[in-house]
Amino acid sequence: MTARLPPLNALRAFETVVRHLSVKKAAVELNVTPAAVSHQIKALENHLGVQLFHRQNRALELTEAARVCLPRLREGFENLAQAVERLRMHKGGGMLTVSAAPSFAARWLMPRLHRFFEAHPEIDVRVSARLRQPSEGGRRGAVAERASVDSWLADSEIAILYGRGDYPGFTVDKLLSLTITPVCSPKVATDRDHPLIRPRDLKHHLLLHDDTGDLYDGVSWWEVWLKAAGVEDVAVSRGPHFSHAVLAFEAAIEGLGVVASLPVLAESDLHAARLVTPFALRVPLESAYYVVSTEAAVTRPAVAAFRAWLLAEAAKEQEV
Numbered sequence: 055m056t057a058r059l060p061p062l063n064a065l066r067a068f069e070t071v072v073r074h075l076s077v078k079k080a081a082v083e084l085n086v087t088p089a090a091v092s093h094q095i096k097a098l099e100n101h102l103g104v105q106l107f108h109r110q111n112r113a114l115e116l117t118e119a120a121r122v123c124l125p126r127l128r129e130g131f132e133n134l135a136q137a138v139e140r141l142r143m144h145k146g147g148g149m150l151t152v153s154a155a156p157s158f159a160a161r162w163l164m165p166r167l168h169r170f171f172e173a174h175p176e177i178d179v180r181v182s183a184r185l186r187q188p189s190e191g192g193r194r195g196a197v198a199e200r201a202s203v204d205s206w207l208a209d210s211e212i213a214i215l216y217g218r219g220d221y222p223g224f225t226v227d228k229l230l231s232l233t234i235t236p237v238c239s240p241k242v243a244t245d246r247d248h249p250l251i252r253p254r255d256l257k258h259h260l261l262l263h264d265d266t267g268d269l270y271d272g273v274s275w276w277e278v279w280l281k282a283a284g285v286e287d288v289a290v291s292r293g294p295h296f297s298h299a300v301l302a303f304e305a306a307i308e309g310l311g312v313v314a315s316l317p318v319l320a321e322s323d324l325h326a327a328r329l330v331t332p333f334a335l336r337v338p339l340e341s342a343y344y345v346v347s348t349e350a351a352v353t354r355p356a357v358a359a360f361r362a363w364l365l366a367e368a369a370k371e372q373e374v
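With our numbering applied, the sequence shown corresponds to residues 55 to 374, in that order.
Hints were generated in silico from the structure; no laboratory data involved.
Remember, predicted model here, so these are calculated numbers, not experimental data.
For glycine and all other residues, C-beta sits at the position ideal for the given N, C-alpha and C.
One thing to keep in mind: the hints can contain errors.
[Stated by the list, open to error] In silico lysine-lysine, DSS-like type, Cα no more than 30 Å apart, as pairs:
| no. | residue 1 | residue 2 |
| --- | --- | --- |
| 1 | 228 | 370 |
| 2 | 281 | 241 |
| 3 | 78 | 96 |
| 4 | 96 | 79 |
| 5 | 257 | 241 |
| 6 | 281 | 228 |
| 7 | 281 | 257 |
[Unchecked claim] Restraint-style ranges between C-beta atoms, simulated for each label pair:
| no. | residue 1 | residue 2 | range |
| --- | --- | --- | --- |
| 8 | 96 | 355 | 40 to 50 Å |
| 9 | 93 | 176 | 42 to 52 Å |
| 10 | 272 | 58 | 54 to 64 Å |
| 11 | 96 | 73 | 12 to 22 Å |
| 12 | 173 | 60 | 45 to 55 Å |
| 13 | 156 | 353 | 24 to 34 Å |
Required output: the full structure, derived from the provided sequences and hints.
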């Protein structure tokens, strides 16, 4: 069967010319000369004994034979790409790379990761802390979102993403549903002159801003929480801004002010009483944390094991 196949370069040249209906544009994509592309097409026609294009007045038109074979050819290239990706993903055996935002990696993943190592000592994990490039105005389009996820999974088998979960073409599982609430140091919450008893008491305190909501949802988390609390006389335009939740929490621990953020990322500080949540109201977000992988990556036993462990950890632990 293999001996009957024409050269792969010739098939790739044919598919590229079909997409552009231009030898010159195909040559640019393939980084070769137009003459080389024409030579590949001619060689393919000779190999198959079939004419693939009608050439009229410098325009190209597919022959009926070419139209019939094109869908299967494109399917074959897609299968070949997936097979190559599987080979790449299997490189390194038990090693896998997980990408996550710095605050999630530091505040949620790291305190639990030892349990995965205990259960799977044969698997080595590389954690890559990184930020996705936010889109202007908060919400990104489908094309930009796809490109963003592609960039994360170019060198990772697993990405943990904050968003709405609309990542077509990938294997996606919701990891954590999220809520926001004000968080501050005990000293700030029990301030002698202005203790935090009711939400409107926030007008006496400096607001710290975790910009995750602004960057990825296009809305301030303070605006979301204060609206749900029915408070209108607290100015949300004031106060310092932080691109990472972990930085906002550190500022809150130091008594700088109060931050509206994700209590799930402040668990260790809440347990240690370095931080407190002065109000009972926790407002659910539409966005959540999702575990995302390519369909090829999830076939790796190490990737499947880590994804299963993540979901089990999230299922058994409730937000503080």
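Look at the Cβ atoms of residue 272 and residue 58 and judge whether their distance stays inside 54 to 64 Å. holds (55 Å)
Need the status of pair residue 228, residue 370: alpha-carbon distance at most 30 Å? holds (14 Å)
Residue 257 paired with residue 241 [C-alpha distance capped at 30 Å]: Since the Cα atoms of residue 257 and residue 241 sit roughly 17 Å apart, the hinted pair holds (cutoff 30 Å).
Just tell me: holds or violated, for the beta carbon distance of residue 156 and residue 353 against 24 to 34 Å? holds (29 Å)
Distance restraint between residue 78 and residue 96, which requires alpha-carbon spacing of 30 Å or less: holds (15 Å)
When you check the alpha-carbon spacing of residue 281 and residue 228, does it fall within 30 Å? Holds, at roughly 26 Å.
Keeping to a limit of 30 Å between CA atoms, is the pair of residue 281 and residue 241 held or broken? At roughly 26 Å apart (the allowed maximum being 30 Å), residue 241 and residue 281 satisfy the hint.
Could you check the hint for me, namely that residue 173 and residue 60 are 45 to 55 Å apart, CB to CB? With a Cβ separation near 49 Å, residue 173 and residue 60 satisfy 45 to 55 Å, so the hint holds.
Are residue 96 and residue 355 spaced within 40 to 50 Å by their CB atoms? Since the Cβ atoms of residue 96 and residue 355 sit about 46 Å apart, the hinted range of 40 to 50 Å holds.
30 Å Cα cutoff - pair residue 96, residue 79: Given that 30 Å is the threshold and the Cα spacing comes to 17 Å, the pair holds.
Given the hint of 42 to 52 Å, is the C-beta distance from residue 93 to residue 176 inside that range or not? holds (50 Å)
Sort out whether residue 257 lies within 30 Å of residue 281, counting only the CA atoms. Holds - the C-alpha atoms of residue 257 and residue 281 are around 14 Å apart, at most 30 Å.
Of the hints listed earlier, there is not a single one the structure fails to meet.
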